[in-house]
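Student: Sequence:
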Amino acid sequence: MTGSLEAPPEITGADFAAISALLHQRTGIRLQPGKETLVMGRLSKRLRQLGVRGYADYVRLLREPDGRELKHAIDLLTTNETSFFREPQHFDYLREVIVPAHRPGRMFRLWSAASSSGEEAYTAAMVLLEKSPATAWEILGTDVSTRIVEGARRGLYPLESAARIPRELLRKYWLKGRDEYAGLMAAGSTLRERVAFHHANLLDDLRDLGLFDVILLRNVMIYFDPPTKAALVQRLQHMLYPEGHLIISLSETLNGIPSRLRMVRPSIYRLPAGTRD
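Using numbering that gives the first Met the number 0, read the sequence shown as starting at 0 and increasing by one per residue.
Quick caveat, the hints were computed from the structure, so don't treat them as lab data.
All C-beta atoms, glycine included, are put in the ideal place defined by N, C-alpha and C.
You may find that some hints are simply not true.
Below 25 Å or equal to it, Euclidean Cα-Cα: the simulated SDA-like pairs (lysine to any residue) are [claimed, not checked]: (1) K175 <-> A162; (2) K44 <-> A17; (3) K70 <-> S19; (4) K34 <-> R45; (5) K34 <-> L216; (6) K171 <-> R153; (7) K44 <-> D14; (8) K171 <-> D91; (9) K34 <-> S250; (10) K171 <-> G150; (11) K130 <-> P241; (12) K44 <-> R59; (13) K228 <-> A16; (14) K130 <-> M106; (15) K70 <-> K228.
What follows is a list of derived Cβ distance ranges for each label pair [said to hold, decoys possible]: (16) D178 <-> R261: 47 to 55 Å; (17) D224 <-> D178: 42 to 50 Å; (18) G53 <-> D224: 26 to 34 Å; (19) A161 <-> T134: 25 to 33 Å; (20) G53 <-> T252: 38 to 46 Å; (21) G104 <-> S43: 50 to 58 Å; (22) R170 <-> H237: 23 to 31 Å; (23) P103 <-> A195: 20 to 28 Å; (24) A20 <-> P103: 44 to 52 Å; (25) S250 <-> P157: 23 to 31 Å; (26) D224 <-> A161: 34 to 42 Å; (27) A20 <-> S43: 14 to 22 Å; (28) D204 <-> N254: 20 to 28 Å.
From just these sequences and the hints, can you work out the full model?
Tutor: What follows is the structure, given as structure tokens:
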């Protein structure tokens, strides 16, 4: 369907509940009542593009077996707010504690498990390049939004995004855009060749990704209900090497969630040696 229509009507409680349930089922994210304006703001343009007259009709599209429109809605509804060197204490700990303790002979692997637009993964890459340039290491970034993963791969950001990047790292690893890229900065090849981005859903079985020394899962579980959080932590602890670390946001905690992980600092958890099955 195509055509230009007036803005869709207000979303009803039933339609909001249906969209929230579909999003939760597929991603684990729970939209709480009160987020109706957010949903309308992110979906209204899409409804106009499709020529859909109301949210009830759009819900029917979301339930189509091919899942194509649901995938598009997930891209629009998932929050992607992040920045370089966000919560810098975690990158200090990576630099000062985790990397020096890594035993040589095995590749160091870090997973940005909800990498959003890529700033977290590129920040970790800068830290590792500065601290351990000769060591074999790799960084994987994953996100549930295919649109945002494609953007992370491009590595293009507004120049104002550089505010928290130390000047010497900015000069060493980033390029200033010119002509049609004026006002943007681009990740240089040194960064891009050490970071890979892929689409992945944290609700899925992701063991094929392998084991990691560090899993960054920051500012994600605040959108999950307790059962989803508990199931996710259970899965992720089996994806850590012994003595590996799971790092969550400073505003989050694993209190009340059964796991083998032990807190070493607020928001930083470690899997003790000898505790993996």
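Student: Are the hints correct? Go through all of them and say.
Tutor: Each hint tested on the structure:
| no. | hint | result |
| --- | --- | --- |
| 1 | K175 <-> A162 | holds, 14 Å |
| 2 | K44 <-> A17 | holds, 19 Å |
| 3 | K70 <-> S19 | holds, 14 Å |
| 4 | K34 <-> R45 | holds, 18 Å |
| 5 | K34 <-> L216 | holds, 23 Å |
| 6 | K171 <-> R153 | holds, 18 Å |
| 7 | K44 <-> D14 | holds, 17 Å |
| 8 | K171 <-> D91 | holds, 19 Å |
| 9 | K34 <-> S250 | holds, 21 Å |
| 10 | K171 <-> G150 | holds, 22 Å |
| 11 | K130 <-> P241 | holds, 22 Å |
| 12 | K44 <-> R59 | holds, 17 Å |
| 13 | K228 <-> A16 | holds, 21 Å |
| 14 | K130 <-> M106 | holds, 15 Å |
| 15 | K70 <-> K228 | holds, 22 Å |
| 16 | D178 <-> R261: 47 to 55 Å | holds, 52 Å |
| 17 | D224 <-> D178: 42 to 50 Å | holds, 48 Å |
| 18 | G53 <-> D224: 26 to 34 Å | holds, 28 Å |
| 19 | A161 <-> T134: 25 to 33 Å | holds, 26 Å |
| 20 | G53 <-> T252: 38 to 46 Å | holds, 41 Å |
| 21 | G104 <-> S43: 50 to 58 Å | holds, 55 Å |
| 22 | R170 <-> H237: 23 to 31 Å | violated, 41 Å |
| 23 | P103 <-> A195: 20 to 28 Å | holds, 23 Å |
| 24 | A20 <-> P103: 44 to 52 Å | holds, 49 Å |
| 25 | S250 <-> P157: 23 to 31 Å | holds, 25 Å |
| 26 | D224 <-> A161: 34 to 42 Å | holds, 36 Å |
| 27 | A20 <-> S43: 14 to 22 Å | holds, 20 Å |
| 28 | D204 <-> N254: 20 to 28 Å | holds, 26 Å |
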